[in-house]
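Undergrad: Chain residues, written in single-letter form:
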Amino acid sequence: MQMKDMMRWLLLAALLAGSRGALAVLTIEITQGMEGASPIAVVPFATPAGVTLPEDIAAIISSNLRRSGRFAPLPEADLIARPREAADVRFQDWRVLGVGDLVIGRVLQPAPGRYEVQFQLFDVFRSRQLTGYSIPARPDELRRVAHRISDLIYETLTGEPGAFDTRIAYVTAEQGAEGKRYALQVADSDGHNSRTVLRSPQPLMSPAWSSDGQQLAYVSFEGRKAAIYVQDVGTGARSEVAAFDGINGAPAWSPDGRRLAVTLSRDGNPEIYVLHLADKRLQRLTNNAAIDTEPAWSPDGNHLVFTSDRGGAPQLYRMDSRGGNVERLSFEGNYNAGADYSADGKRLTLVHRDGRNYRIAVLELDSKRLRVLTDGSLDESPSFAPNGSMIIYATSVGGRGVLAAVSADGRFRQRLTLSGGDVREPAWSPVLRR
Amino acid sequence: MKQQMKMWSGLVLAFGLVLTLSACGTRGKAPLDATVEDRGSSAGGAGTGTEALGVQDYGRLGMEALQDPASPLYQRVVYFEFDSSTLSEADQEILAAHAAFLAGHPELTVALEGHTDERGSREYNIGLGESRGQAVRRQLEFQGVRPDQIRVVSYGEERPAADGHDESAWRLNRRVELVYGGQ
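In order, the protein sequence lines correspond to chains A and B.
The numbers in the first sequence follow the numbering used here, run straight up by one, and end at 434.
The numbers in the second sequence follow the numbering used here, run straight up by one, and end at 1183.
Just chain A, same shape as in the assembly (with noise of 0.2 Å):
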């Protein structure tokens, strides 16, 4: 059994988004889909009699699988047994449908507006139980504890942490009676959940996560020059922490969280700062006649990688966390910018162009090897998942922003439309703290 290579599905629905209830669709479309992908089955969630969910927690699950391109689960309709519990369950019958894995599951209410979510994981073929856990929530927590439980079956079956139960933030542009508006929004991994924390009739760019997945940078244009600002994602708190004349740009998190890499052109042309955000302490990393911009730190935090023109090209190079030691990284093509390192410290996701092209690539540290996996023209502003397997980009499709997300590996490809205006700039958020 093999996904279809066009397999094309609708997740999605209607999401409220913003403050104003604007109604805004986000739809994942799966554009190119992975052979070999392992059949699981993923059966509805049993229920206590007369209790209808706000969620479907299997469906949330079974999505999550396919997403990640691993798996293929059974649609519903081919499920031949809905098991409630492990002694309902009879292996033989999965086994002639070739499913190698199932997953099943229920949904107990302990007291009014409480859960408690139940769920097994079982080799069919070993017939044996390989994982389960009982997890509370509250009625409003269903769809991250459905994210949890798909994070779980993902480890247990690939050895991979997953990255189901995590965020990306992204910025919107949409044409509006008094010209272009500008949002930065939240949602899910999945797309559900948007919520705009921001929104401006000026532009707003470069949104980073902080280590802890609580806070975001980013620029505003507000007041018609760039600043730097940090908000709290869940209070919605921020604060202005570098508006300098000229640039405040590029804001990359130490992993620590206590420093912010940025790009100043305060003394004259873009470099490299660290801003020490307990006391705005600036410390200058770059000094070049050059552009230096886009820092990313490592994850030890001992180097940043960050674009220069400096050899007469936009190319990646690596410093120290002082600015010393400075080593070109980079070497094919006349364009390469924009890195984010993956979790591991192992490799780049940069904007690489490929003849006419702009195209997301991998850059292994170690061999220097370049791999391209994109296929566009205008793809950019590529950000890994925190478990390295995906990587989410921008695109665009018909003269239109939108993102787009691909393995690390380059099999599989899906892409996240919004409905109306124009969507760039994702930012994958670390794993969120429990």
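Treat the hints as calculated values from the structure; they're not laboratory data.
Take the hints with a grain of salt, since some may be wrong.
Straight-line C-alpha distance at most 16 Å; calculated EDC-like pairs for lysine to aspartate or glutamate [claimed, not checked]:
1. A/Lys346 <-> A/Asp366
2. A/Lys368 <-> A/Glu327
3. A/Lys180 <-> B/Asp1057
4. A/Lys180 <-> A/Glu222
5. A/Lys225 <-> B/Glu1177
6. A/Lys346 <-> A/Asp409
Covered stretches of chain B, going by a simulated chain A footprint (3 or more residues, C-beta under 8 Å) [claimed, not checked]:
7. 1071 to 1077
8. 1129 to 1138
All C-beta atoms in this analysis are idealised placements derived from N, C-alpha and C, irrespective of residue type, glycine included.
Dock chain B against chain A, hints included.
TA: Showing chain B alone in chain A's frame:
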């Protein structure tokens, strides 16, 4: 039209030379309400005649000169090649007129808004827009404009002038706009 442009070019070049020779140039206290002098036109200049404007005269022109389609001051956008911050000769002529105007009006300020086309990385494009703005700043300062009259803002690819996705739009978007204070 082309002839008219050529004539302007000659004037501006001559003016630039004088300015260069006289270092910072003049910072005349001429009244802002001076009007464009019409001294007749030779090269088929319809509308306002332009021929006989003297070298220092840009500095004496009033704000309305910015609205005169026949004046180089009317051109407040300069364009760039891909991934380049190099000023073309034609741009230097336009900028010489603005430099004279600003030098003659030290009370005026100008924002240099640098832009790029949509291709490539957004923050790199912010850097590129800044470089373009700084190139224009340097040119203006060489010709007598005081540093505190100039502010550079880079918008990168965030505020395109043309919305298309091909070279015909991109070449209009690789630009620096001169935005006079209060505009």
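Undergrad: Taking beta carbons only, do three or more residues of the region 1071 to 1077 of chain B come closer than 8 Å to chain A?
TA: Per the Cβ count (0), the hint is violated.
Undergrad: Given the hint that A/Lys180 pairs with B/Asp1057, does the C-alpha gap stay at or below 16 Å?
TA: Violated, at about 40 Å.
Undergrad: Does A/Glu222 lie within 16 Å of A/Lys180 when you go C-alpha to C-alpha?
TA: Since the Cα atoms of A/Lys180 and A/Glu222 sit roughly 13 Å apart, the hinted pair holds (cutoff 16 Å).
Undergrad: Compare the distance between the alpha carbons of A/Lys346 and A/Asp409 with 16 Å, and conclude whether the hinted pair is satisfied.
TA: holds (14 Å)
Undergrad: If you draw a straight line from the CA of A/Lys225 to the CA of B/Glu1177, is it 16 Å or shorter?
TA: At roughly 14 Å apart (the allowed maximum being 16 Å), B/Glu1177 and A/Lys225 satisfy the hint.
Undergrad: Are three or more residues of the region 1129 to 1138 of chain B within 8 Å, CB to CB, of chain A?
TA: holds (count 3)
Undergrad: Holds or violated: A/Lys346 with A/Asp366, Cα cutoff 16 Å?
TA: With a Cα-Cα distance of about 7 Å, the restraint between A/Lys346 and A/Asp366 holds, given a limit of 16 Å.
Undergrad: Take the C-alpha atoms of A/Lys368 and A/Glu327, compute the straight-line distance between them, and say whether it is at most 16 Å.
TA: Measuring from Cα to Cα gives roughly 12 Å; hence the hint holds.
Consistency note: the structure conflicts with the earlier hints numbered 3, 7.
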